[in-house]
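From first to last, the protein sequence lines stand for chains A and B. For what it's worth, the working numbering labels the leading residue of the first sequence as 991, then goes sequentially. For what it's worth, the working numbering labels the leading residue of the second sequence as 536, then goes sequentially.
These are calculated hints, taken from the structure and not from any lab test. No residue lacks a Cβ here, since even glycine has one placed at the ideal position from N, Cα and C. Please note that the accuracy of each hint is not assured.
With a cut-off of at most 25 Å between alpha-carbon atoms, the simulated SDA-like pairs for lysine to any residue come out as follows [to be verified]:
hint: 1; chain 1: A; residue 1: Lys-1159; chain 2: B; residue 2: Gly-688
hint: 2; chain 1: A; residue 1: Lys-1073; chain 2: B; residue 2: Phe-812
hint: 3; chain 1: B; residue 1: Lys-732; chain 2: A; residue 2: Gly-1192
hint: 4; chain 1: B; residue 1: Lys-628; chain 2: B; residue 2: Val-668
hint: 5; chain 1: B; residue 1: Lys-675; chain 2: B; residue 2: Asn-712
hint: 6; chain 1: B; residue 1: Lys-557; chain 2: A; residue 2: Glu-1003
Facing chain B, according to a computed beta carbon distance under 8 Å, are these residues of chain A, among others [to be verified]:
hint: 7; residue: Met-1002
hint: 8; residue: Ile-1004
hint: 9; residue: Ala-1123
hint: 10; residue: Pro-1153
hint: 11; residue: Leu-1174
hint: 12; residue: Asn-1175
hint: 13; residue: Gly-1180
hint: 14; residue: Val-1185
hint: 15; residue: Gly-1192
hint: 16; residue: Ala-1194
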Amino acid sequence: MVDRVQNVTRLMEIDIEGWRVAAIGAETTICAAALEALRANGGIELNEEISPTEADILLVSWNLVPERSDGAEADALVAAAGKAAEAMSRRGKGAVIFLLTAAAAIPIRRHAEHSRLMSAAAAAMRCISMESAPHVRVNALGFGCIGESASDSGDISMLTHVPLARTGKLDEAVDAVLFMADPLNSYTTGQLLPVDGGWSAGYARSF
Amino acid sequence: MCKNGRYDTVPLPKLRVGDGMKCDLNGQVAIVTGAAGAIGQAIAARLADNDATVVVADIDAEGARSVASRLRNAVAATADITDMSSFASTVEKTASRFGRIDILVNNAGINSTDHRVCIDEFAPEVWDEIVRVDLDGLFKATRAALPAMVMSGNGGKVVNIASVVGMAAMRLQSPFNAAKAGVIHLTRAMALELGPKGILANAVAPGSVISEPTRRLFYGEDGAMSDRVREFMAHIGMSRPARPSEIAEAVLFLCSPHSSYINGQVLAVDGGWSTGFRM
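Only chain A is shown next, with the shape it has when bound in the complex:
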């Protein structure tokens, strides 16, 4: 995973010099790469001894491979995200970014548990955004098939309905995280932005 994270290239630049960054939840390739990119843009990663409520940018990381979905920690993760957003609100700035799959937008047959978890997480994100406005932005990304054979996110069977007819690259996922962290992207909150090549846009097959 580390090698792949270091191979991420072509990232855009944002200015978050001095912003404290942290991640909670599942250890995923996308989350690790996003943290690396936030550091590269001036973010200061909090060490594990410091509470994530001290973060200015918090990644709330969910398991992005449907088969590995586990709802056991879901409530705790949402609660931790809410607590962090509340602390950011008191300090007057911050961004919380939920890392979900595109199943948050459209459920996937045979992945009912994962779809339920993603949908619930998106609803929780919206609630937290309303509670922590106006100074904190809370948004979500919904990843489709990311990585070769959808190794980082999604289910490879989704690919038959992706207009771009390819899986997404790790840097494409990370760039979307940087966009949501961008301090000048300051009027976007409570939104779920799928990063899925158009999988959730409609019916991509011709008939």
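Following the hints, position chain B against chain A.
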């Protein structure tokens, strides 16, 4: 910020300069329609800041010239999106002069502020005019630009400026609601059809946006919001309108190579207006 179930409105935060995202659009050619308006010129400026060559297209020739003169790498074009042959001429001139078209931002649009009535008495001619520009015009501009974009083989980006009212309807502006909902679904159809050709289509749905001419409508002569505006803003998480630059930041991202796996999406940049019900 929540007091007794209501929300305080907040002033516009101090403008931060120079800390927006940086994307490499060097060598890319963009056409921005409605670029003499507040949102359009903010979009044109962000694209130009990131080294794109920008065609500042507007039906207002003088306005387009004025905006283009303030930007580097920009030229003005007089263009009417409701006249496909006129817009095709703009496309042809752009392709001929710069050799390519990579980005089309369909920003031009209208609404009626002095005709806010219920649909049972809405004037058909006003309906026709709004739909003719906002939906039909967007199709015609896109239809005119696509052959050159497809032929270049470089792929491309179409970003449509919709509106949050295309997602959640507002009273007394039925044609604007319908046209913008049409733009949103048209964006998805474009994404499905153009994705295989390497052209990505997405939409940005702005909420309430303030510009210099409309600032007094929000903040009044004394800089304070009226009760009516405060009540309206209470439904928006950010409790304030957007600056055009905040809409432009999202458009820049969707025009950039960094959003190359985002297709057919509608991003509401609305301060949380459409997020949920705020009691």
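Cross-check of the supplied hints:
no.	hint	in the structure
1	A:Lys-1159 to B:Gly-688	holds, 21 Å
2	A:Lys-1073 to B:Phe-812	holds, 21 Å
3	B:Lys-732 to A:Gly-1192	holds, 17 Å
4	B:Lys-628 to B:Val-668	holds, 22 Å
5	B:Lys-675 to B:Asn-712	holds, 19 Å
6	B:Lys-557 to A:Glu-1003	holds, 5 Å
7	Met-1002	holds, 4 Å
8	Ile-1004	holds, 5 Å
9	Ala-1123	holds, 3 Å
10	Pro-1153	holds, 3 Å
11	Leu-1174	holds, 4 Å
12	Asn-1175	holds, 5 Å
13	Gly-1180	holds, 3 Å
14	Val-1185	holds, 5 Å
15	Gly-1192	holds, 5 Å
16	Ala-1194	holds, 5 Å
Violated hints are absent here; each numbered hint is respected by the structure.
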